[in-house]
Structure formats: C-alpha cells, structure tokens
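K.L.:
Chains E and V, in that order, give the protein sequences. Under the working numbering, the first sequence has 88 at position 107, and the numbering climbs by one with no breaks. Take any residue in the second sequence, count from 1 to its spot, add 1021: that is its number in the working numbering.
Keep in mind the hints are simulated off the structure, nothing from the lab. Yeah, the Cβ is synthetic: ideal placement off N, Cα and C, and Gly gets one too. Incorrect hints may have been included.
Pair ranges (Cβ atoms, derived) [to be verified]:
1. Phe20/E / Thr1131/V: 15 to 23 Å
2. Gly(-2)/E / Met1048/V: 31 to 39 Å
3. Gly1061/V / Gly22/E: 17 to 25 Å
4. Leu93/E / Leu1090/V: 15 to 23 Å
5. Met1040/V / Glu7/E: 33 to 41 Å
6. Ser1088/V / Gly(-3)/E: 48 to 56 Å
7. Val35/E / Gly1118/V: 40 to 48 Å
8. Gln1043/V / Gly(-3)/E: 42 to 50 Å
9. Glu37/E / Gly1061/V: 42 to 50 Å
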Amino acid sequence: QQQVKQSPQSLIVQKGGISIINCAYENTAFDYFPWYQQFPGKGPALLIAIRPDVSEKKEGRFTISFNKSAKQFSLHIMDSQPGDSATYFCAASKGSGTYKYIFGTGTRLKVLA
Amino acid sequence: NAGVTQTPKFQVLKTGQSMTLQCAQDMNHNSMYWYRQDPGMGLRLIYYSASEGTTDKGEVPNGYNVSRLNKREFSLRLESAAPSQTSVYFCASKSAGSDTQYFGPGTRLTVL
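Turn these sequences into a full structure, and let the hints steer you where they fit.
P.N.:
Written out as structure tokens, the structure is:
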C-alpha cells in the first residue's frame, strides 16, 4: 500500500525556472518529512526536511511548503540549474527511535541549459 | 570518515544462488537499514536494525535475511536468489539523536 504519493514522475525545466514536486500522504501520524536528492549511480542524500509545526522551510534555493490540513507537502527549487538534474524522493516517517521512512516513487528532474 | 560503505558494487547471480551484501558505517550510528530501489517504486524497506542485537522486518522482507554483526556492520543475505530480486540495494544508517538517514552508494544486483 503506497502511503506517500509523489508527482510528477518526470519534470523538464529551463535553466533559471522553478521546479515544483508534490507529495501527498495518508497517515496523520507522520511527523517528519525529508526530501532526498539522488544523482545517477549514487545513493540518496538528504536535501531538506520539515516537521508539521511549520508551514515552510527554506534552505538556499530549496523550499519545502507544508499543508497539514491537506496532508500535502512540496519541494520548490528556485532558479533551477543544470546541476540540479537528479531524481528527487519525498519521504515520511512517524516519531519513533528508528524513524522508518516511507518513500514516494521519485521524480526525475532535468534542467535544460 | 568513509560514511556508509557497501560491497560489492555490482553482482550477477544465477537463479538459486546465494550471496551476502555487506554494509558498514563508521559514524557510530545505532540504527541501520536495508532498502531496495526499483524503477517507478521508489525505495522500499527490506529490514532494519534499531540497535545492535535487534532486527525487524520492513515492507518487503520475503526472500531476505539480515545479520547485525556488531554496531558497525549490517549484512543482507539472499539464500536462493530469484529474478524478482534484481534491483539496486541501499544500506543506510542513523544516529539515535538525529532524524536523518545516511545512505551508502548501493549494490546493483542482477539475477538471471
């Protein structure tokens, strides 16, 4: 059962544009929402994460927007660059010692030069 | 620090063969995880170990076994490989005081 739905599956953006990736979750017990970035042939690496007590978190060109009532969160990449071309995964987990993640299916982003 | 390391990087098996994927971390993390990544499926948790001496099933444990050898090492064993186990396998670890999982570079496994 897929508990975190991610869209779109792929995304092409011009250099300097805004990339937006959306995720929706079902389990209201989730309380930690990370985004991971994965380059070809590499393991995923944490990009940015948010907890439900805030509606937005910004780190450089990357912003997470969180809508608790809609059970949705999204990643915005401002001024997208060719070096941002990668696969992005959202995830969700419940507060516990092990923090088991449920991942979305991934979005392959290509930024055109 | 090397972080999370995985061996081998690539492996080809025939159906029915067995093998063990190795994972080690040098960050003194308590929790370790094994995921598989398949196209269009994201990453799915196979097994995890909350701390040394404990292991638990994740979302897709069938066909796999794990061993938490010590605090540093967490291995994944395929007793009788099947083509459905063709995938990229990632190991991850996390410290007790953090929310973040750190991933290794992955093992690409093909079962013929």
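K.L.:
Each of the hints needs a verdict: does it hold here or not?
P.N.:
Do the hints match the structure? See the list:
no. : hint                              : verdict
1   : Phe20/E / Thr1131/V: 15 to 23 Å   : holds, 21 Å
2   : Gly(-2)/E / Met1048/V: 31 to 39 Å : holds, 37 Å
3   : Gly1061/V / Gly22/E: 17 to 25 Å   : holds, 18 Å
4   : Leu93/E / Leu1090/V: 15 to 23 Å   : violated, 47 Å
5   : Met1040/V / Glu7/E: 33 to 41 Å    : holds, 36 Å
6   : Ser1088/V / Gly(-3)/E: 48 to 56 Å : holds, 50 Å
7   : Val35/E / Gly1118/V: 40 to 48 Å   : violated, 20 Å
8   : Gln1043/V / Gly(-3)/E: 42 to 50 Å : holds, 43 Å
9   : Glu37/E / Gly1061/V: 42 to 50 Å   : violated, 30 Å
Checked against the numbered hints given earlier, this structure breaks hints 4, 7, 9; the rest are met.
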